[in-house]
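Chains as they are written, first to last, in our numbering: chain A, 35 to 166; chain B, 35 to 166; chain C, 35 to 166.
Don't read these hints as lab results, they were simulated from the structure.
These numbers were taken from a predicted model, which means no experiment stands behind them.
To give an idea of the interface, some chain B residues facing chain A are shown, with a C-beta separation under 10 Å as derived from the structure:
(1) Ile69
(2) Asn84
(3) Glu85
(4) Tyr87
(5) Met95
(6) Thr130
(7) Ala139
(8) Gly145
(9) Tyr147
A virtual CB, placed ideally from N, CA and C, is assigned to each residue, including glycine.
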Amino acid sequence: MTKEFPVETGAGDTITDITDAVQKVVSSGRIEEGICVVSSPHTTVGVTVNENYDPDVKKDMLMKLVDLIPREDGYRHMEGNSAAHLKATITGISVTLPIIDGRLALGRWQGIYFCDYDGPRRRRVRVSIVGS
Amino acid sequence: MTKEFPVETGAGDTITDITDAVQKVVSSGRIEEGICVVSSPHTTVGVTVNENYDPDVKKDMLMKLVDLIPREDGYRHMEGNSAAHLKATITGISVTLPIIDGRLALGRWQGIYFCDYDGPRRRRVRVSIVGS
Amino acid sequence: MTKEFPVETGAGDTITDITDAVQKVVSSGRIEEGICVVSSPHTTVGVTVNENYDPDVKKDMLMKLVDLIPREDGYRHMEGNSAAHLKATITGISVTLPIIDGRLALGRWQGIYFCDYDGPRRRRVRVSIVGS
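With the rest of the complex left out, here is chain A (with noise of 0.2 Å):
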């Protein structure tokens, strides 16, 4: 089963914390034991799991994904975005976690990470559900 729903997000570079959000949808699904693939459907996003305790942890690491891969570097792509399409790729666009219990088990300190690397704009994240 594969459930969407949409993130708003801000300008340029952001993160969002879609943990609460991809809990509901295991909960109120019916896998007991499986994984939850949590993708995104665009090409600037990235979905990865990190820190959610100290919001500086988000700063620092847009910070130096800039820094490695900047905005302007004699890119060929003329939409101006390639930057954007790497920190996806570097990221990843999707994350796999297990299903315990009828829940997402995530370690106590990680939360889902929705990295929009091209923002601002409505995009929709996708979470699916196997197992039994």
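Mind docking chains B and C on chain A? Use the hints.
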């Protein structure tokens, strides 16, 4: 169920669009709702999803990766392809995507990219599907 | 089904080969055809697949990652491990692999690497298997 198909890659760093071949495997399988995992059994290959409309996106991705992780950089590994190993890990060695109504559910601009960082070689792609 | 096992890591950045331990979980499970997800419940750990023949590949990977993402780099996060968080995201926090004939289907040179970027610690690995 896992099926395999070959990919012939070019010299050095190349990206091959394998979307249609993966879609064919998914369409011929018996999974209506579930997920598809596209993986590589190699150690210098990455698999990712990105824009497959403008071919410059692929060129920019490869150019910037070589820029970040040069072929020669004081590596110890005698085989001389340490950069390729690291690029495989950074890209990721698999992607996981939803299957909806018996088909791979890609976003409008998404294509599946097989990134060989140590070609030319005859490579293999593995497509696993699970669900119901 | 998800099973967990511990990993004791060394100081700083280390890579531990967990292939055999994961294979054991898969072999003891009841899935003949499907997929295996190896994930980490931590936020400064990456999980990847790469060559486990020449140990220099691991050293080169860690060296180059530290080179790209230095431990100190003007980060805001007070805990001082922002580089470790970013390296976890760049590596990916899980890998997904095919299960064929009841066994993990790895390529000839592939091993599963547990990359701790903030050791030494007692860590946990989660192995989830789905299929039939």
